[in-house]
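Chemist: Below are the chains, spelled out letter by letter.
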Amino acid sequence: QKEVEQNSGPLSVPEGAIASLNCTYSDRGSQSFFWYRQYSGKSPELIMFIYSNGDKEDGRFTAQLNKASQYVSLLIRDSQPSDSATYLCAVNMGGGSNYKLTFGKGTLLTVNP
Amino acid sequence: DGGITQSPKYLFRKEGQNVTLSCEQNLNHDAMYWYRQDPGQGLRLIYYSQIVNDFQKGDIAEGYSVSREKKESFPLTVTSAQKNPTAFYLCASSSGTGEQPQHFGDGTRLSIL
Numbered sequence: 448q449k450e451v452e453q454n455s456g457p458l459s460v461p462e463g464a465i466a467s468l469n470c471t472y473s474d475r476g477s478q479s480f481f482w483y484r485q486y487s488g489k490s491p492e493l494i495m496f497i498y499s500n501g502d503k504e505d506g507r508f509t510a511q512l513n514k515a516s517q518y519v520s521l522l523i524r525d526s527q528p529s530d531s532a533t534y535l536c537a538v539n540m541g542g543g544s545n546y547k548l549t550f551g552k553g554t555l556l557t558v559n560p
Numbered sequence: 191d192g193g194i195t196q197s198p199k200y201l202f203r204k205e206g207q208n209v210t211l212s213c214e215q216n217l218n219h220d221a222m223y224w225y226r227q228d229p230g231q232g233l234r235l236i237y238y239s240q241i242v243n244d245f246q247k248g249d250i251a252e253g254y255s256v257s258r259e260k261k262e263s264f265p266l267t268v269t270s271a272q273k274n275p276t277a278f279y280l281c282a283s284s285s286g287t288g289e290q291p292q293h294f295g296d297g298t299r300l301s302i303l
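Those sequence lines, one after another, are chains A and B. The first sequence begins at 448 in this note's numbering and counts up one residue at a time. The second sequence begins at 191 in this note's numbering and counts up one residue at a time.
Note that these hints are calculated values from the structure, not bench results. Possibly wrong hints are sitting among the right ones.
[Said to hold, decoys possible] Here are the computed lysine-lysine pairs in the DSBU-like style, where the Cα-Cα straight-line distance is at most 30 Å:
| hint | chain 1 | residue 1 | chain 2 | residue 2 |
| --- | --- | --- | --- | --- |
| 1 | A | Lys514 | B | Lys273 |
| 2 | B | Lys273 | A | Lys449 |
| 3 | B | Lys199 | B | Lys261 |
If we strip away everything but chain A, and leave its shape as in the complex, we get (with noise of 0.2 Å):
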């Protein structure tokens, strides 16, 4: 059974404070990772997406790869009360050709002002 393994806090910081979200996955063979915020009674939405070892920046946001280790992360630097939401991690196992995208359960951020 593939698998996307995320804490599912609450994981709670102050504002202003970095944030870190982890998550693992079971396939040695996943190629591209994504990152989704969802706040409560809404649908997912896009943050980043990763496909390479290292770190990925995009303003506030970084997305860092290790796929030696089987995880993904994101760090969100200077937190603020509308970053909290429910981040999800998605994982595309078995290659480009495989349409599908296993999810995480997701991990409940509280940035408390």
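Once you've looked at the hints, dock chain B against the given chain A.
Modeler: Relative to the frame of chain A, chain B by itself:
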């Protein structure tokens, strides 16, 4: 404005009734997907379609049916065989293989009367 439109936003089903959820996209995406989300759970794939007139079962296809007669449209029917249909249903699309990110519509909330 390009995007994915799901309708209706809320839907109520009577016992023994089939209901159809609409999903339309004007992003010119080849692939479309249907997910189900239950409270506190991740997204589970119901059906997906890589191209017009072709679709594949996802992880939880029992009690559901789909069609893909047009590139823009991928309706989902929740049949009376689906005994626990109450959930948040999300439609997504992507431009190609699993390496491409999926983008979501606003979702449909289905409840049993």
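Chemist: Please go over all the hints and tell whether each is borne out by the structure.
Modeler: Outcome of the hint check:
Between the alpha carbons of Lys514/A and Lys273/B the distance comes to roughly 40 Å, so the proposed pair goes past 30 Å and is violated. Straight-line distance between C-alpha atoms of Lys273/B and Lys449/A comes to about 26 Å, which keeps the hinted pair within the 30 Å bound. Restraint check for Lys199/B and Lys261/B: the C-alpha separation of about 22 Å stays at or below 30 Å, so the hint holds.
Checked against the numbered hints above, the structure violates only hint 1.
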